[in-house]
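Engineer: Sequence:
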Amino acid sequence: MSAEGQSEPTTQSGGTKTGDFLAGMVRDLGETVRHEVETLRAEATERAAGGAKGARLLAAAGAAGAVSAIAVGTLPIMALRRVMPGWAIAVGIAGGAGALTVLLARRGLAELDAAAPGEGTPLTDAARDAVRSGG
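Residue numbers (my numbering): 51 to 185.
No lab work stands behind these hints, which were simulated from the structure alone. Beta carbons: idealized from backbone N, C-alpha and C, even for Gly. One or more of the hints may lead you astray.
Now the in silico label distances, taken between C-beta atoms and shown as ranges [stated by the list, open to error]:
1. GLU86 to ALA180: 53 to 61 Å
2. PHE71 to ALA99: 37 to 45 Å
3. ILE143 to ALA164: 27 to 35 Å
4. GLY148 to THR89: 53 to 61 Å
Construct all of the structure, not just a fragment, from the sequences and the given hints.
Structural biologist: Written out as structure tokens, the structure is:
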């Protein structure tokens with residue numbers, strides 16, 4: 051037997067049957083992977099659109115809740131208007147809001163210190179000094 055007798059017969063395109071078979075398999079595999087990637091991309095896009103819609107609905111619900119909370123919050127102010135002058139109500143609300151601001155700022159700075167102990171940034175130090183001085 052010679053070397054020519056053992057070689058695979060060539061096809062009309064000049065390749066061997068095994069080579070053509072492997073090329074077809076690789077081509078089919080590439081098409082399958084491409085199809086799967088397109089399917090996964092479409093599913094991810096659909097899920098993202100659903101998530102965005104849910105986030106928009108939650109934001110709208112939060113806005114509606116804020117409006118209703120503000121409306122309920124005005125009821126005591128309306129009642130106070132009957133027994134107190136408007137300037138006294140404004141001073142009381144401003145004082146309460148200022149006290150709440152200082153309280154929340156101090157707690158926030160304490161949480162930042164607990165999360166990252168040590169030297170703070172210049173901005174954090176300036177904020178801490180402003181909160182301690184009350185303004």
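Engineer: Does each hint fit the structure? Answer for all of them.
Structural biologist: Here's how the hints hold up against the structure:
no. : hint                         : in the structure
1   : GLU86 to ALA180: 53 to 61 Å  : holds (57 Å)
2   : PHE71 to ALA99: 37 to 45 Å   : holds (42 Å)
3   : ILE143 to ALA164: 27 to 35 Å : holds (32 Å)
4   : GLY148 to THR89: 53 to 61 Å  : holds (57 Å)
In this structure, none of the earlier numbered hints is contradicted; all agree with it.
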